[in-house]
Structure formats: C-alpha cells, structure tokens
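Build out the structure end to end from the sequences listed, making use of the hints.
For the record, the sequence lines run as chains L and E.
Every number in the working numbering is 1 more than the matching position in the first sequence, counting from 1.
Every number in the working numbering is 355 more than the matching position in the second sequence, counting from 1.
By construction, these hints were calculated from the structure, which means they are not laboratory data.
These numbers were taken from a predicted model, which means no experiment stands behind them.
Some hints here could point you the wrong way.
Computed far set for chain E versus chain L, every beta-carbon distance over 12 Å [said to hold, decoys possible]: (1) Asp493; (2) Arg497; (3) Val564; (4) Ser595.
Examples of chain L residues lying across from chain E (beta carbon under 7 Å, computed) [said to hold, decoys possible]: (5) Leu108; (6) Asn113; (7) Gly147; (8) Gly149; (9) Ala152; (10) Val154.
Using 25 Å as the maximum straight-line C-alpha spacing, the simulated SDA-like pairs for lysine to any residue come out as follows [unchecked claim]: (11) L:Lys93 to E:Lys431; (12) L:Lys24 to L:Gly70; (13) L:Lys93 to E:Ala437; (14) L:Lys24 to L:Pro87; (15) E:Lys431 to L:Asp90; (16) L:Lys97 to L:Pro87; (17) E:Lys431 to L:Glu92; (18) E:Lys431 to L:Arg99; (19) L:Lys93 to E:Gly462; (20) E:Lys413 to L:Ser150; (21) L:Lys24 to L:Arg58; (22) E:Lys431 to L:Pro106; (23) E:Lys431 to L:Ala94; (24) E:Lys431 to L:Gly101; (25) E:Lys413 to L:Asn113; (26) L:Lys24 to L:Lys97; (27) E:Lys431 to L:Gly98; (28) E:Lys431 to L:Ala91; (29) E:Lys413 to L:Ser114; (30) E:Lys431 to L:Glu117; (31) L:Lys93 to E:Arg432; (32) L:Lys97 to E:Gly433; (33) L:Lys97 to E:Gly462; (34) L:Lys24 to L:Ser86; (35) L:Lys97 to E:Thr404; (36) E:Lys441 to L:Ser150.
Ideal placement from N, C-alpha and C gives every residue a C-beta, glycine not left out.
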Amino acid sequence: MNAGGESTPVPTAVSLRSLLGIKSVSRTTAADLGPVNGALVDAARRRVVAWCVGKGRHARMVDQSHLSGVGAAAVVVEDESFLRSPAGDAEKALAKGRLGLIGAPLLTVAGNSAGEVYDADLDPASGELYWLRSATATIPADRLVGYGSFAAVITGL
Amino acid sequence: MSGTGGTGGTGTGGPEGGPGPGGWAPVGPAETVLVRATELTGRPVVSITEGEALGDVKDVVYSPAAGRLLGLTLNKRGGIFAGPMKGVLALERIYAIGQDAVMVTDGEAFTGHGEHHGESHGSRGEAMNVLGNEVLTDGGNRLGVVTDLVVAIGVLGAGLPIDPSARTSGQARPVYPGDVVGYQVTGDATLGARAGAELLVPLPFTLAVSGANLLVPTSVEPFIRDDLSGFDAAVAQFRSRLVTTEPGPGTGPDPGSGPGRGPAQGPGGPSTQGGPSTQGGPSTPTGRVHK
Chain L
2 MNAGGESTPV PTAVSLRSLL GIKSVSRTTA ADLGPVNGAL VDAARRRVVA
52 WCVGKGRHAR MVDQSHLSGV GAAAVVVEDE SFLRSPAGDA EKALAKGRLG
102 LIGAPLLTVA GNSAGEVYDA DLDPASGELY WLRSATATIP ADRLVGYGSF
152 AAVITGL
Chain E
356 MSGTGGTGGT GTGGPEGGPG PGGWAPVGPA ETVLVRATEL TGRPVVSITE
406 GEALGDVKDV VYSPAAGRLL GLTLNKRGGI FAGPMKGVLA LERIYAIGQD
456 AVMVTDGEAF TGHGEHHGES HGSRGEAMNV LGNEVLTDGG NRLGVVTDLV
506 VAIGVLGAGL PIDPSARTSG QARPVYPGDV VGYQVTGDAT LGARAGAELL
556 VPLPFTLAVS GANLLVPTSV EPFIRDDLSG FDAAVAQFRS RLVTTEPGPG
606 TGPDPGSGPG RGPAQGPGGP STQGGPSTQG GPSTPTGRVH K
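Have a look at this one:
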C-alpha cells in the first residue's frame with residue numbers, strides 16, 4: 002500500500018524450470034514453434050533477455066520483448082517472424098545445450114562453491130529475475146554478478 | 356577437499372562484497388584460511404563478471420623475500436592435453452583465492468604476456484623455487500627439506516593495504532591472502548621421533564634465503580606443528596614473539612595450543628631471536644585453518 006492508499010501491483014513470478022520444455026506458440030498463426038529449450042540470462046541486468054526454442058540445428062532464438070504471454074501451458078510469441086538464428090557465442094552455446102542457468106554451479110565472488118542453481122523465479126512480462134534457488138538457499142537475484150558457461154557467480158554466502 | 360573451521364579473521368571488509376549501483380562492490384581483504392600450496396593446483400580461475408573459467412592453477416609463484424605469492428601460473432582448461440598458458444596471473448589481479456576457485460574480476464586479468472610481478476616490485480624480491488631447499492635455524496640446526504608452502508587464502512579484494520617495507524622491517528601485520536606463512540618440511544633425521552615426518556614450520560616476517568638454504572630463528576622450534584590444525588595460532592604466536600623485545604613470564608608458547616609441539620622448550624619460551632626489537636608489536640591474527 003502506498004501513501005495514497007493504492008495497492009502496489011506485485012508482479013507474478015514464474016519458475017524458470019517450469020517453463021523449460023513447454024511449447025511455444027505463435028500468436029498470429031497459433032503454430033507450434035517448438036519446445037522452450039533455454040533462457041539467455043544477462044547477469045548484469047539480472048534478467049532473461051532471450052529464449053531458445055527448439056534444439057540443435059533447429060534451435061531458434063526469440064527476444065523476451067517479443068513474447069506476448071507466458072503461461073503454464075505455453076510461451077506465446079508475438080509472431081513467428083521474430084524467431085531468429087542464434088547469434089554470438091552465448092546463444093550458440095545455449096542452442097547446443099552447453100549453457101543454462103538451471104544446473105549451473107554457483108560460485109561466490111570469494112571463490113567458494115554455493116551448490117548449483119536449481120531454479121530461478123522471474124517476472125514473465127519483463128524477464129526480470131527475482132530469485133535464484135539452490136538446494137539449500139534462496140538467493141536474491143541482485144546478488145548475481147556474473148554468469149557464463151562455467152558458473153553463476155554471486156556475492157554473499 | 357575436506358576442511359576444518361578455525362577462528363579469527365584479519366580483514367577490513369566483508370568477505371564477499373555486496374551489490375552496488377554497478378552490480379557489485381569489491382571489498383578489501385577479509386579473513387584468511389590456510390592451505391598447502393599444492394592444494395591450489397587444478398583450481399579453476401574464474402572471471403566474476405563473465406562466469407567463465409580462464410584456466411586452471413598450475414603452480415604458485417613465490418617470493419621468499421616478500422613473504423607472499425607473486426602470482427599463479429595456469430594451465431589451459433581441457434584436460435591433460437591442454438598444456439600450460441604463458442605468463443603469470445599476478446596476485447594484484449586476483450580478487451579472491453577461494454576453497455573452490457580463484458576469482459578474477461574479468462577475463463582481462465590474465466594477460467598471458469609473461470607479466471612478472473617480481474620485476475615490478477624490485478626490493479620485494481624475485482620468484483624463487485624453494486622446494487627441496489634446506490630449512491636451517493639460526494642456531495645451526497637443520498629442520499628439514501621444503502616440500503610445500505602454507506599459504507593464506509581468502510578475498511584479496513580491490514587492493515591490499517600492504518606496506519611493502521613491512522616485511523623487511525619485521526613489523527608485525529595481519530596475515531593477508533597470498534601471504535606464505537609457513538613451510539612444510541620433511542623432518543630432518545636429527546629431530547628424533549619427528550624425523551621423516553611432514554612438519555609445518557611458521558615463517559617470520561623476515562627471512563634470510565639463498566639459493567639452497569632458508570634460515571629461520573631457533574625460536575620457531577616450539578611452534579612447529581604436524582598439521583594445519585592450530586597452525587594459524589602457532590604462526591600468530593611465533594610472530595608475536597618476534598616483535599616482543601623482552602618476553603616476560605608466561606609469554607612462551609601455549610603448551611596446549613595445538614597438537615604436535617616442537618622440540619622441547621619450557622613454557623617460559625625461548626628468548627627472542629631473529630626478529631627486530633620492536634616494542635609492543637601488535638599481535639598477528641591469522642585466519643581459519645583448512646586441512
């Protein structure tokens with residue numbers, strides 16, 4: 002509740018793990034575009050910036066900004082024309098299954114292991130990450146300072 | 356790698372840093388943990404901001420005169436066929452040496468152009484291989500042959516408040532990550548029951564070295580330990596002793612301070628040797644111990 006007595010909307014968080022494997026659909030044609038295969042995370046912005054649809058040679062990327070809806074059954078893409086080929090090392094690694102936040106080792110900036118990422122909560126509309134979850138801890142996403150093919154690096158713990 | 360927790364900290368800042376406006380805020384050095392240098396071999400060197408491994412630790416580069424690591428040499432990642440990387444990852448470019456990884460702020464930390472810390476620090480000394488060197492006391496006793504180094508690890512942070520002259524002046528200071536605080540030696544035959552055993556010898560702030568010999572004060576003998584448990588305390592007590600001009604009654608080594616006390620010395624302790632005559636120097640807390 003703010004000073005004016007109005008309720009502050011609380012974004013609904015969804016589990017990243019729950020989105021992996023669900024189908025993606027074109028909003029304009031209702032065509033099935035393939036299963037969601039991964040999320041590209043920008044650690045500096047603490048958000049998912051793009052999604053990988055399909056696998057291997059058939060993998061395509063779609064930017065978070067071109068999603069029109071994320072639900073329990075499907076990720077809806079505004080139009081299939083927004084699908085594009087993976088570009089850059091990170092997207093290519095994601096398409097090949099060599100990069101993924103889920104299952105990534107968690108390292109602190111002090112060089113100590115903090116387990117691995119079991120799941121992450123995010124805002125489906127913006128892709129903003131709220132929490133990282135390991136087997137033993139729930140970590141505010143603002144403690145994520147780096148992420149790559151070797152590890153997700155966090156402050157604290 | 357197994358470990359045992361210990362006590363004490365040395366730092367001025369938080370151990371892990373915290374989020375700041377730009378993402379995260381590097382901190383100063385924090386509490387330390389003691390490990391053998393050989394334990395660092397194989398640990399990945401990871402870029403904090405990129406989450407990528409730049410290589411694996413191959414070896415440490417050590418300056419006995421500085422009493423610190425100068426840096427690390429690395430192997431490329433990729434298994435036994437990967438091979439070594441050229442150059443040295445200088446200690447100043449390392450953010451933290453942790454239990455599981457060595458952390459650098461970004462991928463530019465390792466230049467791979469043969470950067471040599473010793474060249475830029477002149478009086479702080481050059482790298483030297485001390486493995487196989489004899490450790491002698493200034494009383495002329497042979498303690499053994501160096502088989503490993505005992506290194507303090509932890510968060511080095513954005514910069515260490517280390518006065519390069521502190522080591523050579525013998526001034527006491529806290530133990531910082533990157534400090535080499537002891538040698539592991541194979542006990543000399545003259546040590547009786549400890550002959551052939553792997554012993555940990557605390558190092559003073561000042562150390563006389565040559566190509567083959569490392570000279571330590573005779574007063575180190577009561578502080579020699581058999582393992583890393585309690586070695587941090589032994590180092591602190593030994594170094595504190597060195598900066599005390601006139602050790603009074605009860606300032607000798609604590610008989611119960613740790614396992615494996617060295618050759619017999621009374622509770623009153625030996626006279627101060629090998630250290631400067633600095634009145635009332637501060638104690639030198641060390642960090643936790645990692646076996």
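Status of the hints after comparison with the structure:
| no. | hint | result |
| --- | --- | --- |
| 1 | Asp493 | 37 Å, holds |
| 2 | Arg497 | 37 Å, holds |
| 3 | Val564 | 29 Å, holds |
| 4 | Ser595 | 27 Å, holds |
| 5 | Leu108 | 6 Å, holds |
| 6 | Asn113 | 5 Å, holds |
| 7 | Gly147 | 4 Å, holds |
| 8 | Gly149 | 3 Å, holds |
| 9 | Ala152 | 5 Å, holds |
| 10 | Val154 | 5 Å, holds |
| 11 | L:Lys93 to E:Lys431 | 22 Å, holds |
| 12 | L:Lys24 to L:Gly70 | 12 Å, holds |
| 13 | L:Lys93 to E:Ala437 | 23 Å, holds |
| 14 | L:Lys24 to L:Pro87 | 19 Å, holds |
| 15 | E:Lys431 to L:Asp90 | 19 Å, holds |
| 16 | L:Lys97 to L:Pro87 | 10 Å, holds |
| 17 | E:Lys431 to L:Glu92 | 23 Å, holds |
| 18 | E:Lys431 to L:Arg99 | 19 Å, holds |
| 19 | L:Lys93 to E:Gly462 | 20 Å, holds |
| 20 | E:Lys413 to L:Ser150 | 21 Å, holds |
| 21 | L:Lys24 to L:Arg58 | 18 Å, holds |
| 22 | E:Lys431 to L:Pro106 | 20 Å, holds |
| 23 | E:Lys431 to L:Ala94 | 20 Å, holds |
| 24 | E:Lys431 to L:Gly101 | 23 Å, holds |
| 25 | E:Lys413 to L:Asn113 | 19 Å, holds |
| 26 | L:Lys24 to L:Lys97 | 18 Å, holds |
| 27 | E:Lys431 to L:Gly98 | 23 Å, holds |
| 28 | E:Lys431 to L:Ala91 | 20 Å, holds |
| 29 | E:Lys413 to L:Ser114 | 20 Å, holds |
| 30 | E:Lys431 to L:Glu117 | 24 Å, holds |
| 31 | L:Lys93 to E:Arg432 | 20 Å, holds |
| 32 | L:Lys97 to E:Gly433 | 18 Å, holds |
| 33 | L:Lys97 to E:Gly462 | 23 Å, holds |
| 34 | L:Lys24 to L:Ser86 | 18 Å, holds |
| 35 | L:Lys97 to E:Thr404 | 22 Å, holds |
| 36 | E:Lys441 to L:Ser150 | 23 Å, holds |
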